[in-house]
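Asks: Sequence:
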Amino acid sequence: MIARIWRGYTSHDNADKYENFLRTEFMPSVEKKKIPGYRRFQLLRKKESDEVAFTTIMWFDTLEQVKAFAGDDYERAVVHPVAEALLQRHDEFSQHFEVRHELNYP
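First residue of the sequence shown? That's 5 in our numbering, and the numbers climb one at a time after it.
Just so you know, these hints were derived from the structure itself, not from any lab. Heads up, a few of these hints could be off.
[To be verified] Capping the alpha-carbon separation at 25 angstroms, the derived lysine-lysine pairs in DSS-like fashion look like this: (1) 21 / 37; (2) 36 / 21; (3) 50 / 21; (4) 50 / 71; (5) 71 / 21; (6) 51 / 21; (7) 71 / 38.
[What the hints assert, rightly or not] The following label-pair restraints were derived from C-beta to C-beta distances: (8) 40 / 17: 19 to 29 angstroms; (9) 5 / 49: 21 to 31 angstroms; (10) 110 / 83: 31 to 41 angstroms; (11) 97 / 45: 30 to 40 angstroms; (12) 76 / 38: 27 to 37 angstroms; (13) 76 / 110: 38 to 48 angstroms.
Glycine included, each C-beta is placed from N, C-alpha and C at the ideal position.
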């Protein structure tokens, strides 16, 4: 399992707009691609004094499936133009981690 992690930062005024874009447009557009091995999308949000930080975690079975989403230059961030307009700054590259162990509890 591969976790693709990326961070973006926006103003307090744009935070709800950005989250709404991710939930209603970006996430559904990824789901519609029906990429085999794409398992889930997690969205984290943290309010800071001068901005709001967002972290996205996308879960894929293999690195090849990450490439099916992001292309051959898979480490480069995939940032939609709407997101680009709402964000103050963002990671230029996503990080990819091999999930080595996971515990789930009921």
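Asks: Now tell me, hint by hint, if it's right for this structure.
Replies: Results of checking the hints against the structure:
1. 21 / 37: At roughly 24 angstroms apart (the allowed maximum being 25 angstroms), residue 37 and residue 21 satisfy the hint.
2. 36 / 21: Distance ~22 angstroms between residue 36 and residue 21 Cα, so the pair holds.
3. 50 / 21: holds (15 angstroms)
4. 50 / 71: Judged against 25 angstroms, a Cα distance of about 28 angstroms means the pair is violated.
5. 71 / 21: violated (28 angstroms)
6. 51 / 21: holds (14 angstroms)
7. 71 / 38: It holds: about 13 angstroms lies between the C-alpha atoms, which stays within 25 angstroms.
8. 40 / 17: 19 to 29 angstroms: Violated: the Cβ-Cβ distance is about 39 angstroms, outside 19 to 29 angstroms.
9. 5 / 49: 21 to 31 angstroms: Because 23 angstroms falls inside the window, the suggested range holds.
10. 110 / 83: 31 to 41 angstroms: holds (37 angstroms)
11. 97 / 45: 30 to 40 angstroms: violated (18 angstroms)
12. 76 / 38: 27 to 37 angstroms: violated (20 angstroms)
13. 76 / 110: 38 to 48 angstroms: Holds: the Cβ-Cβ distance is about 40 angstroms, inside 38 to 48 angstroms.
Comparing the model with each earlier hint shows violations of hints 4, 5, 8, 11 and 12; every other hint is respected.
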